[in-house]
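**Student:** Start from the sequences, fold in the hints, and give me the full structure.
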Amino acid sequence: MHEIQVTVLFFAAARDAAHTDNTVISLQPAATLADLRDSVLQQWPELRKFGPSLLWAVNAQYANPDLPLHDSDTVACFPPVSGG
Amino acid sequence: MHEIQVTVLFFAAARDAAHTDNTVISLQPAATLADLRDSVLQQWPELRKFGPSLLWAVNAQYANPDLPLHDSDTVACFPPVSGG
Amino acid sequence: MIELTDQPLDFHSLSEYVRSDAAGAVVVFLGTVREFTRGIQTQALEYTAYHEMARQSLQQLETEVRQRFPVIEVGILHRVGALKLGDVSVAIAVSTPHRAEAFAAGQWLIDTLKLRVPIWKKECFSDGREEWQHPGITSNSPPPDFPPAAASNELNINSDGSQPQPPAKDLPA
Amino acid sequence: MIELTDQPLDFHSLSEYVRSDAAGAVVVFLGTVREFTRGIQTQALEYTAYHEMARQSLQQLETEVRQRFPVIEVGILHRVGALKLGDVSVAIAVSTPHRAEAFAAGQWLIDTLKLRVPIWKKECFSDGREEWQHPGITSNSPPPDFPPAAASNELNINSDGSQPQPPAKDLPA
Chain G
1 MHEIQVTVLF FAAARDAAHT DNTVISLQPA ATLADLRDSV LQQWPELRKF
51 GPSLLWAVNA QYANPDLPLH DSDTVACFPP VSGG
Chain A
1001 MHEIQVTVLF FAAARDAAHT DNTVISLQPA ATLADLRDSV LQQWPELRKF
1051 GPSLLWAVNA QYANPDLPLH DSDTVACFPP VSGG
Chain D
2001 MIELTDQPLD FHSLSEYVRS DAAGAVVVFL GTVREFTRGI QTQALEYTAY
2051 HEMARQSLQQ LETEVRQRFP VIEVGILHRV GALKLGDVSV AIAVSTPHRA
2101 EAFAAGQWLI DTLKLRVPIW KKECFSDGRE EWQHPGITSN SPPPDFPPAA
2151 ASNELNINSD GSQPQPPAKD LPA
Chain B
3001 MIELTDQPLD FHSLSEYVRS DAAGAVVVFL GTVREFTRGI QTQALEYTAY
3051 HEMARQSLQQ LETEVRQRFP VIEVGILHRV GALKLGDVSV AIAVSTPHRA
3101 EAFAAGQWLI DTLKLRVPIW KKECFSDGRE EWQHPGITSN SPPPDFPPAA
3151 ASNELNINSD GSQPQPPAKD LPA
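Protein chains in written order, with our numbering: chain G, 1 to 84; chain A, 1001 to 1084; chain D, 2001 to 2173; chain B, 3001 to 3173.
Derived from the structure by calculation, the hints contain no laboratory data. Wrong hints could be hidden among the right ones.
[As the list claims (entries may be wrong)] Simulated restraints on C-beta separations: (1) Glu2062(D) <-> Ala3082(B): 31 to 39 angstroms; (2) His2051(D) <-> Ala3082(B): 21 to 29 angstroms; (3) Gly3086(B) <-> Gln2067(D): 23 to 31 angstroms; (4) Arg2038(D) <-> Ala34(G): 50 to 58 angstroms; (5) Thr2005(D) <-> Ala3082(B): 36 to 44 angstroms; (6) Pro52(G) <-> Phe3125(B): 23 to 31 angstroms; (7) Ala34(G) <-> Ile3040(B): 53 to 61 angstroms; (8) Pro1052(A) <-> Pro3008(B): 49 to 57 angstroms; (9) Ala34(G) <-> Glu3052(B): 20 to 28 angstroms; (10) Arg2038(D) <-> Pro1052(A): 21 to 29 angstroms; (11) Phe3125(B) <-> Phe2036(D): 21 to 29 angstroms.
Where is the CB? At the ideal position from N, CA and C, for every residue including glycine.
**Tutor:** Pasting the structure below:
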């Protein structure tokens, strides 16, 4: 089976920490959001400073770590929101 | 000592019940708001239908029944308010 | 800023009036003439006031809300006379540093205005009847989860949704 | 009615938009840029959003507030980009038959927006520093008598005044 390609977007202080606003990551076909998270934190260890407060969304919806990812999914990674 | 003269104003449903919006009542010099109230209810028994909900103000302030009245005071008599 | 007037209320200017660089939050409340009350169609409302006392009483609300909450600016407008469906009968605006205080102060103001300020409304129904509205008779029941306004526990909101009497200290027995 | 825009928010039109003959109450909330936070002078704010998700999230708030409260009409406007002192960053308006529901719905909307909608602000202080604002760091402490909005008990307002995390059901562990 082929690997899947997932786009990752970084926002706000997570973008500053990653020094980029997006990237594309290749994952095994059965990968979950948790697998992607591990891969992102390995590539950008600066993001670890946010600890468990880092939020993750898949295709513009908050998602649980066990959510399976699919080819062409868009994952967003950001710190706690502060709008209003 | 001379009697005191007090102006009484009626508002809203109390005005309708009294069929007037004001009157002048003469009272003994040491009279209280309670004395005035007794006098008003005797003259306009229709006002008794409001029971204890009838409100009384002296010189534009809510007042207790034991407040002594003075010559030229203005007393207002009205049902529960319903503004807003 | 207090106003008791027979003219339409300029609540847009009111909300601009309370804005401030020191404020993080503005809450504006508008009371509007509703078409249906307990299934009966309202055609118009007539508001009448004991003007002298009502102005003093509104001024007292402004003084007291500033003691109870960290208010930066506040304004209360109340209309009298004949109002049509949808018209604004009362407009309250308040600004505070943070949002929870603005909601609490706005809610305290309208709740307390309805308890204290000598203004009365008469409903004119589409069937031709006219009826003075009195608390307990109008019974605009708040929802069961009605949150009592902060610092207003002496208001004694009745569980049946009827409006409470004015605070005892203001009242003849 | 939902709007996410880099233009000044037209909250006057918004409050007209929610007025209705079926409503007895309108509550409008404005969030404005405050000059002082913890004694430090703010010069400007920069709001940034994950636009696609923020729009969906605001739309979801509109859907959900209608399920929770007897809302007649509702609108939410949020601004992005550079804001000056006193500028309006968010405007929420809601109309309901009775007043308690309008306050509760307005408060639920702004509380929930601040928990969920992917928008972030960066404060630009007069000393030249810039700082992303995060809940728990900004700590706009509500007053001790902060009344939790009706039907929002799952929001878990923290007793120390810090802002709660989004509801667990929306969150990665």
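**Student:** Run every hint past the structure and note whether it holds.
**Tutor:** Hints, one by one, checked against the model:
Under the hint 31 to 39 angstroms, the C-beta atoms of Glu2062(D) and Ala3082(B), about 35 angstroms apart, fit the expected range. At about 47 angstroms, the beta-carbon gap between His2051(D) and Ala3082(B) misses the expected band of 21 to 29 angstroms. One distance hint, 23 to 31 angstroms for the beta-carbon pair Gly3086(B) and Gln2067(D), holds here, with the actual separation near 26 angstroms. Distance hint check: the CB atoms of Arg2038(D) and Ala34(G) are about 56 angstroms apart, consistent with the given range 50 to 58 angstroms.
Between Thr2005(D) and Ala3082(B), the C-beta spacing of about 39 angstroms keeps the proposed range 36 to 44 angstroms intact. Checked against the hint of 23 to 31 angstroms, the C-beta distance between Pro52(G) and Phe3125(B) comes to roughly 28 angstroms, which is consistent with it. Taken as a hint, the range 53 to 61 angstroms is violated for the pair Ala34(G) and Ile3040(B), whose Cβ atoms sit roughly 39 angstroms apart. For Pro1052(A) and Pro3008(B), the Cβ-Cβ distance of about 54 angstroms falls inside the hinted range of 49 to 57 angstroms, so the restraint holds.
A hinted range of 20 to 28 angstroms for the beta carbons of Ala34(G) and Glu3052(B) is consistent with their spacing of about 23 angstroms. Separated by about 25 angstroms at the C-beta atoms, Arg2038(D) and Pro1052(A) satisfy the suggested range of 21 to 29 angstroms. Against the hinted window of 21 to 29 angstroms, the Cβ-Cβ separation of Phe3125(B) and Phe2036(D) comes to about 52 angstroms, which falls outside the hint.
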